[in-house]
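Asks: Please build the complete structure, drawing on both the sequences and the hints.
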Amino acid sequence: MVDFITGHYAYWFTIILLCIGLYGILFKKNLVKKTLGLVIIQASVVLYFVAIASKWGATVTVIDDSIPVDQVAQYLNPLPHTLMLTAIVVGVATLGVAFTLLMAIYNRYGTLDEQELIEKIQ
Amino acid sequence: MIESHIPAYIALTYVLFSILIPSFGLWRRDLCQPLAVLGTGLASLFSLIGFIDYLNNGMIRYYFGGWEPPIGIEFVYDGLSGFFVLVINLVAFFVLIYSREISRIEFPDKVMPYFALSMLMLLGFNGMLMTGDLFNLYVFLEISSLSSYALISIGDKPAPFAAFRYLIIGTTGGTLYLLGVGFLYTVTGTLNIIDMTAMLPMFIDSSAAFAALILMIVGIGVKAALFPMHGWLPDSYTYAATSSTALIAPIGTKVGAYILFRIMLWLFGIELTDAFAPVSYVVGVLACVGILYGSVMAIAQTEMKRMLAYSSVSQIGYIIMGLSLANPWGFAGALLHVLNHAVMKACLFMVSGHLRVKEGHSDISLFNDSYRKKYPWTMAAFSIGAISMVGLPPLAGFFSKWYLALGTIDNSNWLFLAVILVSSLLNAVYFFRILEKVYMMNPSKEQKQPSGGSYNEPKASMLIPTSVLAVSLFVIGFANAAIVGILLGVFPM
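Residue numbers (my numbering), protein chains in the order written: chain A, 1 to 122; chain B, 1001 to 1493.
It is worth saying that the hints were derived from the structure and are not from the lab. Any given hint could turn out to be false.
To give an idea of the interface, some chain B residues facing chain A are shown, with a C-beta separation under 10 Å as derived from the structure [said to hold, decoys possible]: (1) Leu-1055; (2) Met-1059; (3) Tyr-1149; (4) Thr-1171; (5) Leu-1176; (6) Tyr-1239; (7) Lys-1374.
Here chain A is said to cover these stretches of chain B; the calculated rule only asks that three of the stretch's residues, wherever they fall, bring their Cβ under 8 Å from a Cβ of chain A [unchecked claim]: (8) 1135-1141; (9) 1425-1433.
Note that CB positions come from ideal geometry on N, CA and C, so glycine has one too.
Replies: Shown next as structure tokens:
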């Protein structure tokens, strides 16, 4: 049991982050806090991908003269890192669009509280 | 020779025009709409050539940079993606012709961003349909989503709030999908769909693959507006400008449905999908609940755009239900319904746009019999769309429901068959109440009143696309046997 927890600690942190993010999206009333919850969810998935790329006793994926290229076990898996570069860019773009929309909402209604907004719209 | 490059041409056309439109739009704003129509026209032409080539020579696989998969990234133009690409490009072509007048009236200073963003959104949709790589699919998903959030926020006063809620729900869905892709990558070590399809049967006992399937269905279900994840749809479609709604509503949810088809019938295959738990049946039941819920909510609405939005929740349910049946008839019915619903919904949302331009509202409680004199062609198009939606022959909507019903009988699934019949009746309730108000109310009283309103149709550039879509419902209805013949050949088993 202890092995199960300590052996997967990277995944436990991912799960905790995912839960914090979902909590923020579902229960926070302020729209900025909801957006932050979204960012935390995305960060948890990024960390998950980074965690699956790691190997014990391996080094970063820059060619090292002392390690031949064909010894793949000596290098980390570079693919998840590259994927996550793209995913981070996507996350930044989403954040930009979200904040633009928040500015538009604030200019029109003068509040960012979800409950007040729903009352004002109806 | 050109055929083998078709998938790349379609994507490149949209990239090119999404750059051309802002650069020409700064010089002359009038050029935006013709350029957008030209872009979708070219893309439709390419997708038509590609689909004909698929029928003659089989699927097209385009390798980017000459790198062969699984190392490289590829576009796959097979029967399923080819059909969807053809449908969404053709419908978008008509909607963009229609947008010329209404975009000037509804948002005169945002015409250039609207057309540029619509090109980007179509790029995302086409990319999602054609890509053969799961992570690429996520990137295209986010391209199309980000542009659709922006498109929805052009509109009425509450539109940014509706778009923001869609952004939160949609991005969470996209992120869950990405987590599912991560699980599948750890299990199989590849991201290429065709490669992964070959490998997954080896991992039939893997709980990670099953978790990935659930995460992907939930994540993409948000985009497809599958029943419990549909919450963003009614507000977004109601508050967005009519031209945005007419563009997003017919094609956006279909692309989500396409990914569900691709995941459940191709990537996993129906045996693997149901290996751990009856996933396809659960999805089918959710679709049924969505069909009934959408229809009942549509009856309760008085605003026409909101009614059509709830009707979309209901109609997407038919498509997912056909998917969950996983037999040839259900499959053909679902795909035929993709085509029918895209045409019908575009036509009906365009009609609501006509009324908004001319009357300033689309509130059903204010409809009256003078409309049939003022808008004879608009109301004729509405009637055709509505009757097709209810499902009366010989219009297109009847045939997709007919094939879906055949599919439920094939599986002896009487619950789903009952849902199809009941929801057709509910559809009749909410469409015929409008037809009654326009065509049947007070026939004798109307003759006494001389001033019933005079002919007041919108301009031809709005009227012609609507009429073409309405007429094409007859054409699809009569050509249904040929279309279904093609679609049955696409079925993977």
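Asks: Please go over all the hints and tell whether each is borne out by the structure.
Replies: Here is what the structure says about each hint:
{"no.": "1", "hint": "Leu-1055", "verdict": "35 Å, violated"}
{"no.": "2", "hint": "Met-1059", "verdict": "26 Å, violated"}
{"no.": "3", "hint": "Tyr-1149", "verdict": "6 Å, holds"}
{"no.": "4", "hint": "Thr-1171", "verdict": "5 Å, holds"}
{"no.": "5", "hint": "Leu-1176", "verdict": "8 Å, holds"}
{"no.": "6", "hint": "Tyr-1239", "verdict": "9 Å, holds"}
{"no.": "7", "hint": "Lys-1374", "verdict": "31 Å, violated"}
{"no.": "8", "hint": "1135-1141", "verdict": "holds (count 3)"}
{"no.": "9", "hint": "1425-1433", "verdict": "violated (count 0)"}
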